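*Asks:* Sequence:
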Amino acid sequence: MSDIASGGFVRQDLLTERPAPVKTTGFVGLLRTRLFNSPTNILLTIVGALLLWFTIVPSVEFLLVDAVWSGKDRTACLTENAGFAVGACWPYIQAKLPQLIYGFYPEAERWRVNLALILAAALLLPLLIPRLPAKGLNAGLFFFAFPVVAFFLLHGGGIKGCGLSWTADLLQLFDDSIVNAGQALLSLSNTSAIAPLLWVIGKLIVLIGTVISWLIFPLTWLRDEIQGSGQSVWIDFAVTCLAVSLIAFVIGGGLRTGWRALGSSVATFIAIAIVIKLMGLDHGGLPVVATNLWGGLLVTLVVSVTGIVTSLPIGIALALGRRSTIPLIRIFSIAFIEFWRGVPLITVLFFATYMLPLFLPGNFTVDGLVRALIGIALFTGAYQAENVRGGLAAIPRGQGEAAAALGLSWWKTTSLIVLPQGLRHVIPNLVNSFISLFKDTSLVSIVA
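Mind the numbering: the sequence shown is residues 1 to 448 in the numbering used here, read in order.
Honestly, the hints are just simulated from the structure, not real lab data.
Worth double-checking, as some hints may not be accurate.
Said to hold, decoys possible - With a straight-line cut-off of 20 Å between C-alpha atoms, the simulated EDC-like cross-links for lysine to aspartate or glutamate are: (1) K412 / E401; (2) K160 / D224; (3) K160 / D367; (4) K96 / E109; (5) K203 / D176; (6) K203 / D175; (7) K160 / E225; (8) K160 / D282.
Keep in mind that this is a model prediction, so the values were computed, not measured.
Work out the full structure: start from the sequences and follow the hints.
*Replies:* Here it is as structure tokens:
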């Protein structure tokens with residue numbers, strides 16, 4: 001103990017003060033550790049600051065400091081009238097803003113565009129919030145009900161029938177095309193070297209068309225009788241509701257479990273009837289606004305949203321078809337994808353706008369915007385197919401084999417296991433395609 005005590009030490013002087021430690025948090029720490037931590041970063045920081053200075057400062061001067069904020073016409077933005085070097089001419093933007101948004105859409109009817117945009121936002125926002133309930137109902141309203149309502153809001157017009165009339169018209173159009181093809185072959189049989197063969201084939205095709213016309217005669221007769229009545233829309237609607245509800249009842253399980261499907265079908269048709277009545281579709285609907293008057297942001301949103309919504313299902317179907325083991329489906333998918341990927345979009349729009357009407361029958365016309373939308377959907381669908389195929393290829397084969405070992409069918413394996421994981425892998429690629437499509441919509445206004 002004495003040895004320890006004798007060897008003790010007591011400091012007589014205070015320790016010298018040390019410098020404060022280098023700050024590594026906060027704004028100063030960020031500058032020190034990220035921007036000025038090495039000679040290279042210091043040089044890059046200085047160069048970047050100079051670039052920002054020489055871009056942001058002139059932009060602020062052009063947009064705010066030297067801008068003209070009020071005026072009645074373009075003369076207010078002239079240098080000799082303003083007395084200084086004029087920057088942005090905001091009166092021009094204010095005067096042309098409605099045209100940039102609506103195009104030449106009639107001013108008295110622009111409330112329809114605003115209402116369509118509000119409905120789209122009201123249905124889309126709940127889909128983007130993860131934990132909100134009723135996602136299935138919301139998706140059905142956005143992807144199926146809203147496009148129909150938006151069409152009648154933006155384009156106008158009414159309906160002259162419902163499901164029964166539409167089905168009868170479609171079948172009759174198909175039958176007429178068959179008969180016309182047969183008659184065309186019969187007309188060629190008078191001048192061709194293989195006249196007997198063409199005559200036989202033409203007669204056979206006409207016979208097939210005649211048989212089809214006999215088969216659909218009850219449906220076309222019922223359509224004509226309904227359209228001859230005073231309330232053709234509502235009678236057709238009631239017949240369509242009855243037929244669809246019975247089919248849903250039978251498919252849903254009949255007397256045992258089909259009542260839920262029947263109730264859902266009836267509720268859906270009641271909602272459709274309310275929409276028809278509110279929009280006056282049974283009496284001509286809203287005034288018709290031709291699509292050649294649409295423009296600006298309206299056309300951009302219509303083309304981009306339609307292309308995005310329709311191209312992804314097309315791409316998924318083509319990607320699955322390209323991986324199919326059935327040769328016909330695989331060859332068709334490969335040919336479709338490679339054909340559309342090898343054609344520029346401007347060529348597709350040019351053909352859909354100017355060339356396609358030359359190949360259509362004289363009594364069959366398709367609106368120019370609809371033709372452009374179909375072309376864009378097919379073109380983008382081919383590119384989406386390759387994106388989806390890349391995601392599917394990233395899924396290990398063992399996933400499908402494990403699902404098959406558990407007894408899952410091909411449809412359940414694809415829809416529940418393979419496809420969700422594959423789409424998650426290619427979300428960045430899909431987003432890039434959607435952004436590219438949004439930018440390419442300017443070609444529609446230029447070409448189409």
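*Asks:* Run every hint past the structure and note whether it holds.
*Replies:* Against the structure, the hints:
1. K412 / E401: holds, 13 Å
2. K160 / D224: holds, 12 Å
3. K160 / D367: holds, 19 Å
4. K96 / E109: Answer holds: K96 to E109 is near 17 Å, not above 20 Å.
5. K203 / D176: holds, 14 Å
6. K203 / D175: OK: K203 and D175 at ~15 Å, within 20 Å.
7. K160 / E225: At roughly 13 Å apart (the allowed maximum being 20 Å), E225 and K160 satisfy the hint.
8. K160 / D282: holds, 7 Å
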